[in-house]
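First to last, the sequence lines map onto chains V and W.
Quick note: to get the working numbering, add 378 to the position in the first sequence (first position is 1).
Quick note: to get the working numbering, add 378 to the position in the second sequence (first position is 1).
No lab work stands behind these hints: they were computed from the structure.
Just so you know, even glycine gets a beta-carbon here, dropped at the ideal spot from N, CA and C.
All the pointers check out, no bait thrown in.
So the derived label-pair ranges between C-beta atoms look like this:
{"#": "1", "chain 1": "W", "residue 1": "Arg599", "chain 2": "V", "residue 2": "Asn684", "range": "47 to 55 Å"}
{"#": "2", "chain 1": "V", "residue 1": "Asp474", "chain 2": "W", "residue 2": "Pro689", "range": "30 to 38 Å"}
{"#": "3", "chain 1": "W", "residue 1": "Arg588", "chain 2": "V", "residue 2": "Tyr607", "range": "42 to 50 Å"}
Chain residues, written in single-letter form:
Protein chains: 2
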Amino acid sequence: MAQEEQKLATSRYAIGVDFGGTFVKLALLRFSEKGVKIEKFSSFPTKDYQRDALSDQLVIRIIKFKAESTYKGNRVRGVGIGMPGRIDFNQGMVFDLTNVPGWKNVHLKEVLQNKVKIPVFVDNDANLMALAESKFGAARGYKHCVCVTMGTGIGGGLIINGKLYRGMNFAAGEIGHMTLNENGPMCVCGGRGCAERYIGNRFILEEAMRQLRRGARSILREQLRNKFYNLTLEMLTQAARKKDEFSLMIWQEVGNHMGVVLADVVNFLNPEIIVIGGGVANAGALIMDPIRRVVRERAFQVSCRNLKIVPSKFREKAGIIGAGALVLTEVEKK
Amino acid sequence: MAQEEQKLATSRYAIGVDFGGTFVKLALLRFSEKGVKIEKFSSFPTKDYQRDALSDQLVIRIIKFKAESTYKGNRVRGVGIGMPGRIDFNQGMVFDLTNVPGWKNVHLKEVLQNKVKIPVFVDNDANLMALAESKFGAARGYKHCVCVTMGTGIGGGLIINGKLYRGMNFAAGEIGHMTLNENGPMCVCGGRGCAERYIGNRFILEEAMRQLRRGARSILREQLRNKFYNLTLEMLTQAARKKDEFSLMIWQEVGNHMGVVLADVVNFLNPEIIVIGGGVANAGALIMDPIRRVVRERAFQVSCRNLKIVPSKFREKAGIIGAGALVLTEVEKK
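Let the hints inform the model, and build the full structure from the sequences given.
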């Protein structure tokens with residue numbers, strides 16, 4: 379019993395919310411010397427609720443977690459929320475979200491804090507992934523870290539001198555919109571030849587489908603029976619693991635492009651470690667190998683010395699853990 | 379007299395050294411509320427001395443400045459030295475210099491400090507230009523600043539959270555080796571299609587000469603009388619100011635390329651201000667205008683809001699002033 383009490387005393391609790399375009403996930407997190415543990419979990423589809431109803435849903439579930447944890451004599455320190463868009467962290471205001479309509483200029487921190495009666499912090503999801511990896515994950519112990527998430531978009535979070543760096547307009551880390559080819563194809567952002575335009579989820583699939591339609595040889599032809607539009611990243615990964623030359627080449631190209639962008643990042647920022655996460659990163663060595671090779675080929679040798687390029691530790695949980703980590707970082711700062 | 383004494387009391391003195399590939403310049407600098415003033419100046423051609431003799435020359439001149447300043451009752455706080463290469467700032471060690479042979483792994487700080495008996499600090503010249511602009515120049519009062527020097531090479535210094543950021547291997551800020559075209563021409567650095575490969579001094583001139591040889595119409599044809607290899611950047615600037623279409627186009631292309639790189643920097647770091655210096659920047663509005671236009675066209679709109687892109691205040695003096703600023707920053711830190 380004494381031991382159990384001590385364990386609880388040195389543990390710190392926070393609620394993390396990963397507000398995604400598809401699901402909103404909440405967790406009651408316990409942070410201790412041993413690391414992070416998800417004590418309770420809950421989720422609902424984002425599109426089930428309109429904006430205000432969704433806020434109410436969050437309040438209900440946060441209060442429930444809070445109540446369920448206090449019976450052990452533990453105080454939840456606060457709520458952290460990661461969202462896919464641009465967030466004014468200081469004010470806890472959502473400027474807009476990438477794939478969720480109706481969230482323009484919402485003072486989410488204010489709205490929630492008045493109801494849940496514990497501190498609320500809101501930040502961009504890529505920033506929180508970087509925070510999770512930096513505080514408890516793959517980049518633990520490093521001062522200068524770049525965290526990349528490869529998915530529909532390609533986002534990034536920067537840890538500089540051990541702290542999350544957000545930039546003047548809370549817009550730093552847009553790694554997906556660094557240029558691979560100055561006269562390349564137009565990007566939604568207004569630029570040209572941006573990395574995302576080549577290796578965002580959709581563009582990887584589009585390129586693979588285009589090549590299949592043109593007659594590229596692959597075991598995927600049979601699988602898809604000419605319905606190339608059914609192609610998924612998982613199918614490309616599976617086929618590549620079965621040594622399908624075509625799929626291997628697609629992943630290699632993805633890794634090459636990412637390697638060029640990261641060589642730029644290395645030349646510009648000379649970080650200690652780069653952490654790669656997001657759905658595309660599930661391809662594992664299929665992309666990590668070419669990324670590492672291209673960075674070493676193209677970036678300054680001196681900047682590659684001791685540079686680590688590693689996969690995310692927390693993967694799909696990085697957002698929710700980062701949200702909790704944000705609470706601890708902010709509450710303990712004061 | 380009382381006023382004069384007070385002025386001296388609030389002034390702080392430091393010796394700044396700008397160790398360039400062509401000249402080594404030294405200055406006794408006075409820093410006061412009014413800004414920076416060069417009290418004494420001295421210089422010699424870099425190639426006049428071999429390494430050890432050059433160190434001795436530095437010692438002699440530093441001691442002379444020191445002696446000349448103390449008669450007023452002012453203590454020189456230290457010596458700052460900016461060098462064109464990679465420097466381990468913590469140890470004050472020169473790994474190597476870009477255009478000066480014989481400077482590999484030299485513990486310059488140690489060598490000098492033992493002789494001049496005041497603190498010595500050594501850093502990369504682009505870093506010191508950034509420090510000068512940040513502390514006393516065009517970026518004064520800004521927390522997040524990127525300083526670019528456009529010359530033979532394209533270098534950069536980063537100020538993050540008000541402090542010089544050097545990176546893990548003291549190699550951050552290599553803006554000239556960010557990619558404009560992933561399959562572009564080979565660069566000396568091992569990369570491809572690097573910015574410097576298009577808009578380093580030499581490549582600007584090479585491209586202009588190539589087009590002149592191919593018959594491009596320009597007032598420069600007459601001036602050069604087919605000796606196109608005599609072309610200089612100053613001639614291109616002068617001709618452009620006389621509305622020579624060809625020269626205007628060359629500068630516009632330089633600005634466009636730089637704009638693409640800086641759009642990447644803005645998307646990645648979301649700084650408050652970008653300061654542009656170096657010889658190429660003497661072209662003034664000829665390149666500043668296209669740079670500003672392209673950054674605004676290509677970078678995220680939100681990151682361009684309130685973003686300043688300005689010319690260097692100190693120009694060719696930025697290095698020497700930054701070297702002095704380094705002394706104050708370091709001595710007053712303790």
